[in-house]
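J.: Chains A and B are the protein sequences, given in the same order. Numbered per the working numbering, the first sequence spans residues 6 to 322. Numbered per the working numbering, the second sequence spans residues 6 to 322.
Check each hint, because a few of them may be wrong.
Identical copies carry no separate label here, and so any pair may be met within one copy or between two of them.
[Said to hold, decoys possible] Pairs of lysine to aspartate or glutamate, EDC-like flavour, derived with a Cα cap of 20 Å:
id	residue 1	residue 2
1	135	123
2	189	308
3	30	152
4	286	160
5	259	92
6	103	90
7	30	155
8	30	209
9	11	163
10	30	151
11	25	281
12	192	152
13	250	276
14	319	217
15	286	13
16	268	163
17	223	152
18	30	13
19	47	219
20	233	152
21	135	32
No lab work stands behind these hints: they were computed from the structure. Remember, it's a predicted structure, so these values are computed and weren't measured experimentally.
There are 2 protein chains.
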Amino acid sequence: MDVMQKFDEERRLVSLEIQKTLIGKPERLYVAARHLCLAGGKMVRPVLCILSCRAVGGRTEQAVNTGAAIELMHTFTLIHDDIMDNDDMRRGKPSVHKLYGLPTAILAGDLLYSKAFELCDPKTVHILSKATSEICEGQDLDMSFEERTDVSEADYMEMIAKKTAVLLKAATESGAVIGGASEKQAKALAFYGLNLGLAFQMQDDILGLTADEEKLGKPVGSDIVEGKKSLIAIRSIETLPAAEKKELLKILRKKGNSESEIKRAVNLFHESGAIEYCKKKAGEYVKNAKDSLEALPKTEARDDMYRIADYVIKREL
Amino acid sequence: MDVMQKFDEERRLVSLEIQKTLIGKPERLYVAARHLCLAGGKMVRPVLCILSCRAVGGRTEQAVNTGAAIELMHTFTLIHDDIMDNDDMRRGKPSVHKLYGLPTAILAGDLLYSKAFELCDPKTVHILSKATSEICEGQDLDMSFEERTDVSEADYMEMIAKKTAVLLKAATESGAVIGGASEKQAKALAFYGLNLGLAFQMQDDILGLTADEEKLGKPVGSDIVEGKKSLIAIRSIETLPAAEKKELLKILRKKGNSESEIKRAVNLFHESGAIEYCKKKAGEYVKNAKDSLEALPKTEARDDMYRIADYVIKREL
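Only chain A is shown next, with the shape it has when bound in the complex (with noise of 0.2 Å):
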């Protein structure tokens, strides 16, 4: 089974909390804020905050408008990136700026943020005020490398923990503040939310590639088309013979690429070895993480957070 099939009674509560919060008016802009929350998402995000509370002695329900409140701001990440890098589907759904239009969009974004810090536990406002913070940089990074050819795997690596790792890493530390962790506990949970995160992102990358594309609710390869630097295309770049490599920049460089250039790109990134690549760094990430619980008391919430850990580099959506 899933691991995370296992939480159905947390995302239930989490859920719960998350209709509370966005029930107002004016209708269309409630509307707009709520297609995404309520569009399936796992929930990995609250759900490592209400574990992380019970892995340091916390109860959940401590924990689940924090974990409301993470959940909105990821939501709120997403439907600004949408528009910002102009994908039109997500979830498998069209995005909000596709159905709400702009001005709709950034509002319902901005919406989704503010509720978050209304809903958030006070102890927990520095720690999800930096990561947003750090998520912003992350995003202009990820959009500034766009434009670059000669972006390296440390750029990468910083990229990604801004944008996608700190969030998780944030879920993590505040369950275990607001469970009442030890200086210790803290620090071990916020070191597994972060490598677990940086995985997460890879593995999101290679899923983007290689996925089926209606698991993946959005078109396969859209990472090329929009010249993402991956650490897939970074790697292979790098390593792939000069003719092969001049080929593939080609491709990258070019917006709106055709089906058979995406097809040939993905062979390059196999042929070049840096799927492989970077399932083995995932791998790493996902090491450290499982290596970090270590710190805490053997309870079934760090059981549960080994084996998200695992799940996270075997998942296929």
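Keeping the supplied structure of chain A fixed, place chain B upon it in accordance with the hints.
T.: Relative to chain A, chain B alone:
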């Protein structure tokens, strides 16, 4: 002397805090985020936050960070509003999205908002997040009014309460809480901020039609071009004779009016008595604001707030 000139020291402290907060990388993002913050705003909100803190016995230093946070929030809403309303000018300079493009402008706004929550006093998080949620609702109402010709005075008051007045209310209420106000004092200062904010927005609407273009920093009558429903427009539609009403509605429904059409609309606003009506209303809200100060001990800060209330409807920009 303009009363606002008295607060150069408060503005200097707040500016310093904003500048310290807005140093970071990627450079491009932080440059965009700083642009409007340093474009010479009057910093009415931080000044009110600091004065409210002092009016209940607190010290300036206690409220500087939260004052700076509120200015960042205000600037965040301006950047996003300019995108939504397609406004190319702000404070006499090109708006952020004109200078740096849409994606960076969205992100610069998001960053300011995050930084605000990093900066503010933890005791004020709930006041501030509630206010920004209402600002989103107010902006949505404002946009939806553009398509409507049946907007009532009550609709308008709800819209400006949310879009403008709640942040001034949040500024005075936050200052009060930080300064250790009694419940009665905090309520009085919140009431002052709300009423001042209503008068402030009404005066803004008046100045947008009657002020000197250079002082205004944007074209006179831009509200007419955008079909914005100010109280002046609403009152004119309600009171003008049928022929003039029809003429006015035609101008308000059209986007991209000529200069002579804008002049004609402004003349109809004057003829209908709506500008005078709006001035009178603004004066009433200023009186409410001043009356509420009676609940506070007699201090220099309270006297200053009394004078700021008068200034709000006497100012020329």
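J.: Against each hint, give a clear statement of whether it holds in the structure.
T.: Against the structure, the hints:
no.: 1; hint: 135 with 123; in the structure: both (16 Å within a copy, 6 Å between copies)
no.: 2; hint: 189 with 308; in the structure: within (19 Å within a copy, 51 Å between copies)
no.: 3; hint: 30 with 152; in the structure: between (41 Å within a copy, 17 Å between copies)
no.: 4; hint: 286 with 160; in the structure: within (15 Å within a copy, 57 Å between copies)
no.: 5; hint: 259 with 92; in the structure: within (17 Å within a copy, 32 Å between copies)
no.: 6; hint: 103 with 90; in the structure: both (12 Å within a copy, 18 Å between copies)
no.: 7; hint: 30 with 155; in the structure: between (47 Å within a copy, 18 Å between copies)
no.: 8; hint: 30 with 209; in the structure: neither (35 Å within a copy, 25 Å between copies)
no.: 9; hint: 11 with 163; in the structure: neither (32 Å within a copy, 45 Å between copies)
no.: 10; hint: 30 with 151; in the structure: between (38 Å within a copy, 17 Å between copies)
no.: 11; hint: 25 with 281; in the structure: neither (44 Å within a copy, 43 Å between copies)
no.: 12; hint: 192 with 152; in the structure: neither (36 Å within a copy, 52 Å between copies)
no.: 13; hint: 250 with 276; in the structure: within (11 Å within a copy, 72 Å between copies)
no.: 14; hint: 319 with 217; in the structure: within (14 Å within a copy, 65 Å between copies)
no.: 15; hint: 286 with 13; in the structure: neither (30 Å within a copy, 54 Å between copies)
no.: 16; hint: 268 with 163; in the structure: neither (28 Å within a copy, 55 Å between copies)
no.: 17; hint: 223 with 152; in the structure: neither (23 Å within a copy, 34 Å between copies)
no.: 18; hint: 30 with 13; in the structure: neither (30 Å within a copy, 40 Å between copies)
no.: 19; hint: 47 with 219; in the structure: within (16 Å within a copy, 53 Å between copies)
no.: 20; hint: 233 with 152; in the structure: within (9 Å within a copy, 39 Å between copies)
no.: 21; hint: 135 with 32; in the structure: between (31 Å within a copy, 18 Å between copies)
Of the hints listed earlier, those the structure fails to meet are numbers 8, 9, 11, 12, 15, 16, 17 and 18, in rising order.
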